[in-house]
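Undergrad: Sequence:
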Amino acid sequence: MKNFRNTIESELERLDNRWQALPLKTQCKYVIILFTFYLTMGIGVLVKVCYDLGKEDRHIEIGHIESPSIGDGTSLRADSILINNKKFRNGRERE
Numbered sequence: 392m393k394n395f396r397n398t399i400e401s402e403l404e405r406l407d408n409r410w411q412a413l414p415l416k417t418q419c420k421y422v423i424i425l426f427t428f429y430l431t432m433g434i435g436v437l438v439k440v441c442y443d444l445g446k447e448d449r450h451i452e453i454g455h456i457e458s459p460s461i462g463d464g465t466s467l468r469a470d471s472i473l474i475n476n477k478k479f480r481n482g483r484e485r486e
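According to the working numbering, the sequence shown is numbered sequentially starting from 392.
Hints are computed from structural coordinates only; laboratory data are not their basis. Beta carbons are placed, not taken as given, at the ideal position from N, Cα and C, and that holds for glycine. Take these hints with a grain of salt, some might be off.
Simulated DEER-style distance windows between Cβ atoms [unchecked claim]:
| # | residue 1 | residue 2 | range |
| --- | --- | --- | --- |
| 1 | W410 | I434 | 21 to 29 angstroms |
| 2 | I399 | V422 | 19 to 27 angstroms |
| 3 | D443 | K420 | 50 to 58 angstroms |
| 4 | Y429 | L403 | 17 to 25 angstroms |
| 5 | M432 | F395 | 29 to 37 angstroms |
Sequences are here, hints too, so could you generate the full structure?
TA: So this is what it looks like as structure tokens:
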């Protein structure tokens, strides 16, 4: 674990040294580009939420994700562990 931590620290230090070696103008350019991307993504999410709320039903449906194999009933797995669970409980056969 210590070796893993040392590896991560050395990689982060190497990346920090590369960042510090860049000219200040280039650093500012990268920060502005990343901020613009972040702002664009945020505006996109807000537009999507407003669009969903503006629909006729006026609510966002939140629900569980259903597995397609469970819904149609065509894929029944015959798992030996499940079969054994029905016959045995705590290592002893049920009476």
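Undergrad: Which of the listed hints are not met by the structure?
TA: 3
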